[in-house]
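The primary structure of each chain is shown beneath.
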Amino acid sequence: MAYGAGVAYVELCSHGVPSWLSLLIVTVVLAPVFGALLDWGLFRRIRTADLTSKVVTSLGLMVFLPSMVQIVIGSTTVYSAPAPFLSTYFTTLFGISISGPVIATLVTTIVVLMVMTLGLRSRRVGLTLRASVQSPRLVELHGVDSGKVLRNAWMVSSSLAALAGCLYAPQFATQNPSAYNVLLTGAVAAAALGAISSFTLAVAGGVLLGVLQGVIPGYLSPNSVWYGALVPSIPFFMLLIMLLTHRGFRSLDRSKDPMSVVEPPTAPPGLARRSEILGFSGRIVNWLAVVGLVIVAIIFVPEVWVGTLTIAASMAIIFLSVTLLTGLAGQLSLAQMVFAGMGAYGTARLSTHHHWSLGMSLIAGTMIASLGGLVASLPALRLRGLPLALLTLCFALLADNLIFPATFVGSGSSSIGVRRPDIFGVDFSGPFSRNYLVMVVAFLAMTTFGVRLLIHGTTGRMLTAAHSSEIAAASSGVPMRRTITIIFMLSAAVAGLGGGLYAIALGSLSTPDFNSALGPVLLVVVITMGAASVRGALIASVAFVALPQALALAPSRFGGGGQSSAITIVVLSVGAFTYAQHPEGIVTFIQGRLKVAGLRVRNLRGDSR
Amino acid sequence: MKVLLEVRGVRKGFGSQVVVDSVDLEVSAGEAVGLIGSNGAGKSTLFSIIAGTISADDGSIFLEGRKLPNRADERARRGIARTFQIVQLFGGLSVLDHLLVALQAHNGEAGVFRDLRGNGATTVPEMTLCMETLELCGIAKLAHAQTTMLSLGQRRTVELARALVARPKLLLTDEPSSGLDESESLRLAHILNSVRRSTGVAVVIVEHDLATVAAVAERVVALDAGRVIANGTVDEVIANVDVRRSWLGEASA
Numbered sequence: 005m006a007y008g009a010g011v012a013y014v015e016l017c018s019h020g021v022p023s024w025l026s027l028l029i030v031t032v033v034l035a036p037v038f039g040a041l042l043d044w045g046l047f048r049r050i051r052t053a054d055l056t057s058k059v060v061t062s063l064g065l066m067v068f069l070p071s072m073v074q075i076v077i078g079s080t081t082v083y084s085a086p087a088p089f090l091s092t093y094f095t096t097l098f099g100i101s102i103s104g105p106v107i108a109t110l111v112t113t114i115v116v117l118m119v120m121t122l123g124l125r126s127r128r129v130g131l132t133l134r135a136s137v138q139s140p141r142l143v144e145l146h147g148v149d150s151g152k153v154l155r156n157a158w159m160v161s162s163s164l165a166a167l168a169g170c171l172y173a174p175q176f177a178t179q180n181p182s183a184y185n186v187l188l189t190g191a192v193a194a195a196a197l198g199a200i201s202s203f204t205l206a207v208a209g210g211v212l213l214g215v216l217q218g219v220i221p222g223y224l225s226p227n228s229v230w231y232g233a234l235v236p237s238i239p240f241f242m243l244l245i246m247l248l249t250h251r252g253f254r255s256l257d258r259s260k261d262p263m264s265v266v267e268p269p270t271a272p273p274g275l276a277r278r279s280e281i282l283g284f285s286g287r288i289v290n291w292l293a294v295v296g297l298v299i300v301a302i303i304f305v306p307e308v309w310v311g312t313l314t315i316a317a318s319m320a321i322i323f324l325s326v327t328l329l330t331g332l333a334g335q336l337s338l339a340q341m342v343f344a345g346m347g348a349y350g351t352a353r354l355s356t357h358h359h360w361s362l363g364m365s366l367i368a369g370t371m372i373a374s375l376g377g378l379v380a381s382l383p384a385l386r387l388r389g390l391p392l393a394l395l396t397l398c399f400a401l402l403a404d405n406l407i408f409p410a411t412f413v414g415s416g417s418s419s420i421g422v423r424r425p426d427i428f429g430v431d432f433s434g435p436f437s438r439n440y441l442v443m444v445v446a447f448l449a450m451t452t453f454g455v456r457l458l459i460h461g462t463t464g465r466m467l468t469a470a471h472s473s474e475i476a477a478a479s480s481g482v483p484m485r486r487t488i489t490i491i492f493m494l495s496a497a498v499a500g501l502g503g504g505l506y507a508i509a510l511g512s513l514s515t516p517d518f519n520s521a522l523g524p525v526l527l528v529v530v531i532t533m534g535a536a537s538v539r540g541a542l543i544a545s546v547a548f549v550a551l552p553q554a555l556a557l558a559p560s561r562f563g564g565g566g567q568s569s570a571i572t573i574v575v576l577s578v579g580a581f582t583y584a585q586h587p588e589g590i591v592t593f594i595q596g597r598l599k600v601a602g603l604r605v606r607n608l609r610g611d612s613r
Numbered sequence: 004m005k006v007l008l009e010v011r012g013v014r015k016g017f018g019s020q021v022v023v024d025s026v027d028l029e030v031s032a033g034e035a036v037g038l039i040g041s042n043g044a045g046k047s048t049l050f051s052i053i054a055g056t057i058s059a060d061d062g063s064i065f066l067e068g069r070k071l072p073n074r075a076d077e078r079a080r081r082g083i084a085r086t087f088q089i090v091q092l093f094g095g096l097s098v099l100d101h102l103l104v105a106l107q108a109h110n111g112e113a114g115v116f117r118d119l120r121g122n123g124a125t126t127v128p129e130m131t132l133c134m135e136t137l138e139l140c141g142i143a144k145l146a147h148a149q150t151t152m153l154s155l156g157q158r159r160t161v162e163l164a165r166a167l168v169a170r171p172k173l174l175l176t177d178e179p180s181s182g183l184d185e186s187e188s189l190r191l192a193h194i195l196n197s198v199r200r201s202t203g204v205a206v207v208i209v210e211h212d213l214a215t216v217a218a219v220a221e222r223v224v225a226l227d228a229g230r231v232i233a234n235g236t237v238d239e240v241i242a243n244v245d246v247r248r249s250w251l252g253e254a255s256a
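These protein sequence lines are chains A and B, in that order.
Numbers given in my numbering equal positions in the first sequence, counted from 1, plus 4.
Numbers given in my numbering equal positions in the second sequence, counted from 1, plus 3.
By construction, these hints were calculated from the structure, which means they are not laboratory data.
One thing to keep in mind: the hints can contain errors.
Claimed, not checked - Counterexamples of contact, computed for chain B against chain A with all Cβ distances above 10 Å:
no., residue
1, R14
2, K70
3, L189
4, A228
Said to hold, decoys possible - What follows is a set of in silico ranges between Cβ atoms, one per label pair, in the way DEER data are often shown:
no., chain 1, residue 1, chain 2, residue 2, range
5, B, E112, A, V215, 50 to 60 Å
6, A, H460, B, E135, 16 to 26 Å
7, A, L385, B, V21, 26 to 36 Å
8, B, V21, A, H460, 46 to 56 Å
9, B, G16, A, G218, 37 to 47 Å
10, A, G214, B, E112, 48 to 58 Å
11, B, G16, A, T121, 31 to 41 Å
A virtual CB, placed ideally from N, CA and C, is assigned to each residue, including glycine.
With these hints in hand, go ahead and build the complete structure from the sequences.
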C-alpha cells in the first residue's frame, strides 16, 4: 500500500501537481477508496475465516500489488519528487541542522499518534473496533454494523500507510518495491513491540528502531561488513526476539472468536489431499501421459527451450519443498528460497572453488540446507501460522543481509561461476545440454515420488490430523516435535537440492537469484496452484518459468516485453485470494470440476440411451 | 488390586490462584473412578495434568510405578488415552483414519522413514484392530464416513474409539455426556462399561451428570477448591457433608 501510494505521489508530482495537493489526493481520496475496495472485494469475504487463510490472502496481496503497480505505471520512472511539506526549509536546533522534511515527518507522526490514540481509546470507536476484529458476528448480535466498522478501519489504515509512503517516496529517484520491504518489516517489528494492540507502544517501538538504526552506524566503520549487514538487520533481530519471547505471539493463530464454533472451520488442505479425484485406471492413464510428455519434451524440444525446461525442472524441486512444508505440514515458511540459496551456494562453492565432484557438492549443499531447516524448525516447535511466517521472513532477510553477501559464501555483490559437471564421461556442459536436463528430471521424478509417498502414507495422515487438532493429535501419541523437525529438515533439503541443480543450470550465481522477496512469491504461487498435491507444484514451476519466456516473445500489446515477470506474478498469485474458499488450489479445483462435468456427460448419455 | 496410576502431591496455580492443591489420587488397574466437583473445583485441570497437556507446578505422576514424562504424546505412547469435553476430531479424515492415526502413532509405527521405505500402506493387523475397536464401540458401519457428517453422539463415540484403539491402560474421559440427551448418555456409559469388561482398561471419568457417573464409576473422588474432599463409593460421596455443601449447594447437610 505504501509503495503504491509512493508511486502515485511521485507520478502526480511529475505531472506538475503541487506536492501538498498530491499528498492530499493520495491519502484522502485514493488510499481510502482503495482500502474500501480491498475490504469489499477481498477481506469482507474472509472475515470469519481461519488465520491461515487471512495470512495467505495478505501474502497474495503483498506479491500481487507491487507487480500490478509495475504493470500499470512501469518500474523505470526516474523522478525525484519533492517532499510534501517544507521541502527546501533548513534550520539548526541545539547545533544540529535539521531539514524541513524531517520536521514535517516528525510533526505528522505526532499529530497522527495523538489522533489515533484518542480514537482508539474512545469507547465509541476503539472498543467497537476491537470487538469487531475479535468477533464480527457477536458484535452484530448487539446491533453494531461490524462490516462498516471494519471497512472504515481499512480506509483509515490504508490512508496511514499511504501517508507513510508519500513521506518516504521522495528519498528515492526510482521507486522500487524492495525499498518498501524495510518499511514493512520495520512496521511489523514496531507493532510487535507494541504487542500488536497498543498504538502508543507501536509508535515508541518505531522511534526506538529509527534511533537504533541512526546511532549504531556511528560506532561502526563504514567499510566493515557489519555496517552493510547489521544495520538493515536491526528490525529483523528485534522482531525475532519479540516473536520468540512474547507469549501473545504464540497464541496469535488461535481463534479468540467466541462465535467461531457456530459454523464448521474452513476445510484443511488435507481434505483435498485425501479425496481421490481420479479412479485407479484414470490415475494410470494420467501418469503415463505425464511420463510420455516428459520423454517427448526431452527428446524433441527445440534447443532454445532446453535451458528453460532445465530451470523449470530444478525450480519444480524447490516448489515441491513448499508442498512438503505447507501442503503436508501446514507450516507457512517464507524462507524456502533461502534454503534453496544455501544449497546453491554450497554446491557452487564446493564444486567450483574446492573442486569437489558434482555429486558430493550436491549432497553437501543439500545437507547444508537441511541444517538451515533444522535451525528454522526450532522456533516452529513453538510458533504456528502468522508468527512463523514472520519469523521465516526475518530469517530470509537476515540471509539476504548477512549470509549470502559474506565473502566466504558468495562474492559480495558480484556473481560467482558454477562449474558444469562431467560424470563418468557423460558431458553435461553447455547451457542447452539435454543430458543435464535428463539428470534434473530424474532428480525431480525421485523427489516427486518421495513427496507422494509422504502425502499418501502415515505422515500425511498424521499431519492432517495435527493440522486439524494439535492437542488431540498429541493426546493420540503423534510425536509432533519430531515430525515437524524432520519435515522442516526434509523440506529444506529438497529446496537445497533444487537450488544446487538450479545454480548449475544457471552457470553463475549472484545474490538476487535467491532474494528474500522471492520467498513469498514462491509460497503464493504454489498455494495458488495447490500446495496439497505434487501436481500443483509441478504445474506452478512450469508456469513460473515458461510464462515470462512466452510473454517475452509476445508482442507488447499482449503483455510482451519488459513487464513479463510482473504479469506472470500477477497471473499466478491471483488464486491466493480464493484460498479461504478453495484451499485445495486451482489445479485440484479444476480437476474436480472436470470430473463433475464428465459425470454429467456420462449421465446424459445414459439417459439418452 | 495392582495400582496403575499414582498422583502424588500435584499442585497447579494460575497467577495467584491455586487451582489444584496437593492432590493425591490412586487408580487401580481396571478400576473406574469418577471425578466430580463444582465448576472451578479443579477437576479439568487435574485431568489435563494427568494427560500431560498442562504441566504441574509441583508433584509427580506415576504409571505402573514409573514416573511419567511431561509431554502428552509420550504419555499417550505409555498407555494414557483421553477424550475431550469439546469433541476434538480431525477434519478431513474418515472415522477409520482417526483410528489409524492413533494406532500407528501409539505403536511408533508412523512416520517419515516408514513412508519413504515404501511401507506407508495400512497393514492387515492394523486394519483388523481398527475394525474390532469400531465394532466394540458399535460404529463399524461408520468406518468410511467423514466425521463432519456425524451427530454429536456419534462424534463422541468416534473419539472414544480413537482413544481405545491402541488398547491403553488408562482412559481419561472428560464430560462424555456433555451435549447429549439422557438416552445417548446412557448408551455411551453402556459402551464404556462393555469396553472396560472386554479390554480391562482403567477409566477416570470427569462428569457433572451423576447418573452417568453412577452408571460407570465404582469409586468417586470429589474435589473442591483444588483439594480432595471425599473419596469412596457413589453413595458414600453423595452422602458426605462437605460434598453436599460445596457441590449440591445445600446450606447444611
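Right, here's what the structure says about each hint:
no.	hint	verdict
1	R14	holds, 22 Å
2	K70	holds, 18 Å
3	L189	holds, 25 Å
4	A228	holds, 26 Å
5	E112/B to V215/A: 50 to 60 Å	holds, 56 Å
6	H460/A to E135/B: 16 to 26 Å	holds, 25 Å
7	L385/A to V21/B: 26 to 36 Å	holds, 30 Å
8	V21/B to H460/A: 46 to 56 Å	holds, 49 Å
9	G16/B to G218/A: 37 to 47 Å	holds, 45 Å
10	G214/A to E112/B: 48 to 58 Å	holds, 55 Å
11	G16/B to T121/A: 31 to 41 Å	holds, 36 Å
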